[in-house]
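Undergrad: Chains E and D, in that order, give the protein sequences.
Count along the first sequence starting at 1, add 192, and that's the number in our numbering.
Count along the second sequence starting at 1, add 268, and that's the number in our numbering.
There could be a bad hint or two in this list.
[Said to hold, decoys possible] Below are the SDA-like pairs computed for lysine to any residue, each with C-alpha atoms no more than 25 Å apart in a straight line:
id, chain 1, residue 1, chain 2, residue 2
1, D, Lys494, E, Val200
2, D, Lys337, D, Leu532
3, D, Lys471, E, Pro227
4, D, Lys428, E, Met193
5, D, Lys574, E, Trp224
6, D, Lys337, D, Leu347
7, E, Lys195, D, Ser400
8, D, Lys574, E, Pro227
9, E, Lys195, D, Leu532
10, E, Lys195, D, Val424
11, E, Lys195, D, Phe401
12, E, Lys195, D, Leu388
13, E, Lys195, D, Leu425
14, D, Lys494, E, Trp224
15, D, Lys471, E, Trp224
Read the hints as simulated data drawn from the structure, not as lab findings.
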Amino acid sequence: MLKATWFVLAGMAITFATLAVLMLVMNALNRWLGPEPPAKT
Amino acid sequence: MAERELFGILALTWQAAVMLGIGGLLIYLGIAKEVEPVLLVPIGTGIILANIPLGGLTDAGGLLAVLKKAGIDTELFPLLIFIGVGAMIDFGSLLERPYTVFLGAAAQFGIFGTFFMAYLLGDGGLRLFDFSFTDAVSIGIIGSADGPTSIYVATVLGSKYAASIVVAAYSYMALVPIIQPPIMRALTTEAERRVAMPIRAPKVSRRTRVLFPIVTILVVGLIAPKATPLIGTLMFGNLLRESGVLERLSQAAQNEMANIVTILLGLTVGGMMVAKDFLRPETIMIYLMGVVAFAVGTAAGVILGKVMYRASGKRVNPLIGAAGISAFPMCARVVQKVGLEANPHNHLIMHAAGANTAGQIASVVAGGAALALVPFFR
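This is chain D alone, in the form it adopts within the complex (with noise of 0.2 Å):
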């Protein structure tokens, strides 16, 4: 027995071994194909050190348990990754074009429309998985694509499935250059790809643009109040950034608190990857319905840009709602990349960049809406 206790290999079982496998192999993806690297080298790291046998980083007091405790089981760390976000992002092109608010909303459809395949799959109707109400809702919100929200809602609602369904979401936002394109191929013409749209908007002034991030959580907190921690948050962010008059403040929250944040974040959420929850056939399902909840959330914003494209005597693009979902800023350079290919003179970048701001805020509102309805479905 003490031999067990002095070297952890005599301890190794074949799904540790897995799990330092995976571990290494995000690393790797990280490192050398430079796949989310920010993440998914410390998200690799933190499974290697929660699945090294006897290493304790995971029992009561060890370092990955503090860190969840204190960052994720209270939503601290989501949160406080918001707050920097919302100093990162930039909600002019947004302002600019007020209607590109809806193509955000479209593409929510990802969140919900892969809650009910989860939930089909599960206690809903086939029970081929161990999925339950809750869990089939933090299933979805992997269609945010947005980690903060995700790892806010799944632990708000408590799913045991928390640990895959963040890493899925921050896996699958490095792949949305692979994904989107086809999906906006197949479901729009050569005709619908090829509408230019002007690159100039009307100018916003510099008040609205303070006044938004106050006024959006008001409006956001009014109608839809569970969704306040994270429009809180990440429209503080903005209003850091958009005052004029704290630079240091915004600044530090791009910079040194969102990468410490992102740190602590990566390695406690790889710690709650351990052999025992993570090895079990609903995690291999999570991540195919990861794919599918982009891709839903993809075809909604598109189907919704053909619609605004026949309203508006074609003058919309449908191409920029596939910029929708919240993955920002990569959605807008893919809808700039294949609208570039269809017309060489036409650029999208600033439509597809209101969409997708859009759909950060959206994805906020869809997170806060599902945590309010639940507990009257479940």
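Isolated chain E, as found in the complex (with noise of 0.2 Å):
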């Protein structure tokens, strides 16, 4: 069962990093890409 907790271990991991990963993305597109101001009317 050592080789199942292993298992459960580096699953969990690899899908904890890169989701992280992929929220630093989408902060960085927040920021550097942020939603236009309204025109003026």
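Join these two chains into a complex; the hints should help.
TA: Below, the structure is given as structure tokens:
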């Protein structure tokens, strides 16, 4: 069962690591490409 | 002998009769009870067609055998479905609240926790059931709450229980409103459930929405390459939706293509449920493990929600963690309903939708991670 434990830990680690990078990318996109200000009328 | 070949009823075994009953039950649930009719009616019909003695649909060259070879063995059907799913999903609520991505990640413990239990019951320890390492991984994938990912992973791993796993995954998706609320209430206090969260969040630009599917393919593909077929098709569908210039293709992916492939996929999955493969103690255990998978995923999401509740100074409602499993949009609706019971002025739907769409991406990543890791461990 030791290998099963390592499998679980490795799987969760890859999932969290990938999504952590994705969160950083989303934050960067939001910061650099924020919504355009509304057009003046 | 000639009479047996002429009249199917003379060749009917009790096992085939049970399968005909199961097919009829799924059709009944789909039509009379409106439980996931889009899936259960084709699956139920496929079961009936496959188990009529001497019908020949699952023999070499038969319709169901041809569909299986063309769409399941090649992994084509789940990937085509994912293009349609991607075109249907609005990732805006996730982009507006990037932190919810971690709730999607936490809920994937449903996959790995269930794998652990299945392996313990099988070859990993107790040997009560015929579950190999790859079978256990395939069973765990039910916890992704994601039909196409379940089909894809179980097929790639060559699990002999692929059909049961897929039917369990789709069946439990319909039961999310029954499985989740008791777990959510048991793990949270009344005060935690009452926490109000702001409805509005800073809007994201169109450029962000267009770039998001492309960078997601790059990020997920480069870290978990085995997830590339799933994330690639999901995000291609989303790019069709968000590009703003491909409305016709987006609508075709959401409607015509998704509908046609759903019909073919449902019939084929039903056709895989022939009596000799399906009527085994392992199948019943897979169904029980399916409940465990959804429950563990829900609990893991809520527990991370509670961590966020404390870390944020009681500003995050832990209920939104339950939406981290990717049954979209049911989980988000369940969170909204349970939240409103505790506080009639609290609308958690947008936060839950963020976690829910994060769960869609996270389940694909977890499936890809599992596929990549299996060769190192089995």
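Undergrad: Any hints this thing doesn't respect? Which numbers, in order?
TA: 5, 8, 9, 14
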